[in-house]
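Take a look at the letters that make up each chain.
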Amino acid sequence: MDIVFLLIPLSVVLAIAIGAAFWLAVDGGQFDDLEGPGLKVVVDDDSPAKES
Amino acid sequence: MSRPNPAPAAEDCFHCGLPIPRGALFGHADGGRWRGFCCAGCEAISQAISGNGLDDYYRLRTAPAATAPATEARPASIYDDASVQQRFVRTLADGTREAELVIEGMRCAACAWLLEQSIARVAGVAHVCVNATTRRALVTSTAELLSPVFEAVRAVGYTAWPCEQDHLARMEDGERRALLRRLWVAGLGMMQVMMYALPAYIGASDVTDDAAGLMRWAGLVLTLPVLLYSGAPFFTGAWRGLRAGRAGMDLPIALGISVAFAASTWSTLRGAGAVYFDSVTMFVFLLLGGRWLEHSARLRAGRALHHLVAWIPQSACRVKSHDDAQGEHVPASSLHPGDLVLVRPGETVPTDGTLASDRAAVSEALLTGESRPRERLPGERLVGGSVNAGAAFIMRVTHVGADTVLCALRRLVERAASERPASVQMAGRAAAAFVVLVLIASLAGLAAWWPSDPAGAVWVAVSVLIVTCPCALSLATPAAVTVATGAMARHRFAVTRAGAVERLAEATDVVFDKTGTLTLGAPVLREVMTFGAHDEAACVATAAGIGRLTSHPLDRALVEAAGATARPVQHQRSFTGHGAEATIDGSVLRLGHAGFVRELTGTAPPVTAMPGADTFVWLGGADGWWAAFRIGDALRPGAPAAVAALRKLGLEAHLLSGDGEQPVREVAARAGIGNALSRATPADKAAFVARLQESGRRVLMVGDGINDAPVLARADAAVAMGSAADVAQLEADAVLLSNSLDDLVIGLTTARATRRVARQNLVWGLGYNFLVIPMALAGAVTPLAAGIGMSASSLIVILNALRLARMPRR
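Sequences listed follow chains A and B, in order. Okay, so the first sequence: first residue is 1 according to the numbering used here, each after it adds one. Okay, so the second sequence: first residue is 53 according to the numbering used here, each after it adds one.
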């Protein structure tokens, strides 16, 4: 059971790291639109033909 | 969660999903399947979408599109003007220009995709990003002119407005992000802290004391940010309440989590005793989760349109004289009384004034909810914000800026909103009294035990505070409201304001606006008078044939009435502002104004049009007058049934309208409303509601025009129609997206069910506490039992609230 003395502090560090990563993602605007981007990737047409 | 693509039924419009009016002949075959449309606008939009190869939109969408806008408020070319552009366009370092637009009419994520594809095809556009949640589009372009972007948006059925770079929008974005961060920190903390608490719950025997101590410390470390960062709004709220001298809902929450945290920290430092870190984090997470859902629902319901600059048009075409056909485009703010302004067809009247041309037809739909154009004679008043529905005209400016009707209305709205009676929430009052009670109880416990056992006395005092942790009480109402809001949204009854559900449930009187709310706000054929050799059916069929190809709302009413009997015509021509002309069986016939038809018949009309709310459309040819059609507003289908259902719920119905007495009384009688007030100005309406409130009634107002905004703001609860002006929606607590009054009844029923569930929850929370406080005072509550009691009481409240998700079906 000695392993818990390593794993518990590790889990705290991990949780803080995940929190920090998420924090950056929110500030980067990744959560501003929760619907649109999910749909955009399923539509194939990535390069709309420019009309000219 | 997205529902499968709602393919409209065969008789519904392929584009917007509305029922196709009888006899409308809009449609075409596509890939072997017939696509029917409700109007020419929807068909044109659908063709534009298909023509660009964007048919995927129809496959991907999760909600039907908005119906094609009836009139374009202003030509897109004004957005090319530098003085207009400086308000919403930024020039970036590399010389490209960045514009932010608000898009009206977005319904789902597929809309965002469609718009991105369409805007990206505009020449010069380098990058475009459409946000489906905030309904804003960020366009980067190398081109000087931005009108093609606005036109591209319009071609696919949306309306784009420039979004001013105001700090209010920025602040709201910041708030949203902060709330999301708090929620995530709380969620992450909750999951991890729960892990550390698990061994204590399951009574794991092989955990050494050292390991248990380490887990307590780990829990402390992860709870600290949850308490201090995620829980910060509760502390600031409690502090603000204390300073204002009242104990709100935030106080018991702040007290509960800090006492539980302090007691747990003490146990951690001592290395013995129970910890409640898991309860603290879970509680904070649940409360923030409720706030987040509420916030999202509000955003979805269109509060983002708050930042529209659509209140007043920004540019006007100033002319020097009546013969000046060119004019110069100037910002509307630089107009002065006495200026002459040219208003082209479809443009918005920039400010208040009088008509200087011979004749004009304007639609005041934005103001009154009625779409039918109104005739104006020289010298008559024109209200800024109405739309030119006829030929171009010249007006003389009389009022600008703060003196205009629109600004006066806005002031009225602001004042009415500030006078709205404050509804004290039951839960808040109960909780405040409860906190005082608990504090007294725990002090009493401390005093009673202190002489015999000082250490035990402290535990008793703390355990009273912990077991009574007001989780259940403070979750009682929010949990019920959150679940109910979601359930109502599925019925297209969008609650847009906090506290609205409680206020809806308390309503005792329903006040309806007439035009556009109880009535459709769109004309239908009500009476046919024939004068010649032709019978009624033949006249309607012929008129429908002539009017079929125009998009005039009055002609639409005729086409709808004729159905499939509309006669084919040749050489159809329309004369804007007058009527239409066509050849049938070799003879020329005209449909339109009396004067216009008279040019053919040569004689005066056989009857004079009765003055009233209805419009007369005449039909005649060289052989004389054929018929007159009385066309007017019709009652919304289902309105009488909805009024009857409301009465069954114990609500009294009233009708308020600015129209004349006779049509108002007629509509009231048909809808089954006994109490009607006609010729009411917006101020009269607000006063009427205030009188009801003074006599102790709780008023629910249902309306749709800008002129309803003050009374919507004044009423205890307000519901706006989905077709309502944005300003009216802004002042409303809820929006009837379906425009169906049936859903109003469903909404009210749900609101009352919500109140019932919230009360059950409160009773449960109080009952639980009255049971455990004596036990805690007697020293009979073990630390583990305190923790379990805390969590279980919250869970029961949430499970009870979830019952609301099962809503009555239509």
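If you're looking for bench data, these hints aren't it; they were derived computationally from the structure. Quick reminder that beta carbons are idealized off the backbone N, C-alpha and C, glycines included. Treat the hints with care, since some could be wrong.
Claimed, not checked - Estimated spans, in silico, between C-beta atoms of each pair:
hint, chain 1, residue 1, chain 2, residue 2, range
1, A, GLY29, B, SER199, 26 to 32 Å
2, B, THR194, A, LEU7, 17 to 23 Å
3, A, ALA25, B, THR733, 39 to 45 Å
4, A, VAL41, B, ARG142, 24 to 30 Å
5, B, THR260, A, ALA25, 36 to 42 Å
6, A, ALA21, B, SER199, 49 to 55 Å
7, B, LEU250, A, LEU6, 16 to 22 Å
8, A, ASP27, B, ASP375, 16 to 22 Å
9, B, ARG142, A, ASP27, 37 to 43 Å
10, B, ARG322, A, LEU14, 25 to 31 Å
11, B, LEU250, A, ALA25, 27 to 33 Å
12, B, THR260, A, GLN30, 17 to 23 Å
13, A, GLN30, B, ARG722, 17 to 23 Å
Exercise. Holds or violated: 39 to 45 Å for the Cβ distance of ALA25 of chain A and THR733 of chain B?
Worked result: violated (52 Å)
Problem set entry | Range agreement (Cβ of LEU14 of chain A with Cβ of ARG322 of chain B, hint 25 to 31 Å) | holds (28 Å)
Exercise. Using the C-beta atoms of LEU250 of chain B and ALA25 of chain A, is the stated range 27 to 33 Å upheld?
Worked result: With Cβ atoms ~29 Å apart, the hint holds.
For this session: Starting from the hint 26 to 32 Å, judge whether the C-beta atoms of GLY29 of chain A and SER199 of chain B obey it.
Result: Holds: the Cβ-Cβ distance is about 28 Å, inside 26 to 32 Å.
Exercise. Regarding THR260 of chain B and GLN30 of chain A, is the given constraint of 17 to 23 Å on their beta-carbon distance met?
Worked result: About 42 Å separates the Cβ atoms of THR260 of chain B and GLN30 of chain A, which means 17 to 23 Å is violated.
Exercise. Is the gap between the beta carbons of LEU250 of chain B and LEU6 of chain A within 16 to 22 Å?
Worked result: holds (18 Å)
Exercise. Between ALA21 of chain A and SER199 of chain B, does the beta-carbon spacing fit 49 to 55 Å?
Worked result: Violated, since ALA21 of chain A and SER199 of chain B (Cβ atoms, about 43 Å apart) do not stay within the stated range.
Exercise. For the pair ARG142 of chain B and ASP27 of chain A, does the Cβ-Cβ distance stay inside 37 to 43 Å?
Worked result: violated (21 Å)
For this session: Could you check the hint for me, namely that THR194 of chain B and LEU7 of chain A are 17 to 23 Å apart, CB to CB?
Result: Because 56 Å falls outside the window, the suggested range is violated.
Exercise. Can the suggested window of 24 to 30 Å be confirmed for the beta-carbon pair VAL41 of chain A and ARG142 of chain B?
Worked result: holds (29 Å)
Exercise. In this structure, is the beta-carbon distance linking THR260 of chain B and ALA25 of chain A contained in 36 to 42 Å?
Worked result: Distance hint for THR260 of chain B, ALA25 of chain A holds at roughly 38 Å.
Exercise. Is it true that the C-beta distance of ASP27 of chain A to ASP375 of chain B lies inside 16 to 22 Å, as the hint says?
Worked result: Cβ of ASP27 of chain A to Cβ of ASP375 of chain B: about 59 Å, so the range 16 to 22 Å is violated.
Violated hints for the displayed structure, listed by number in ascending order: 2, 3, 6, 8, 9, 12, 13.
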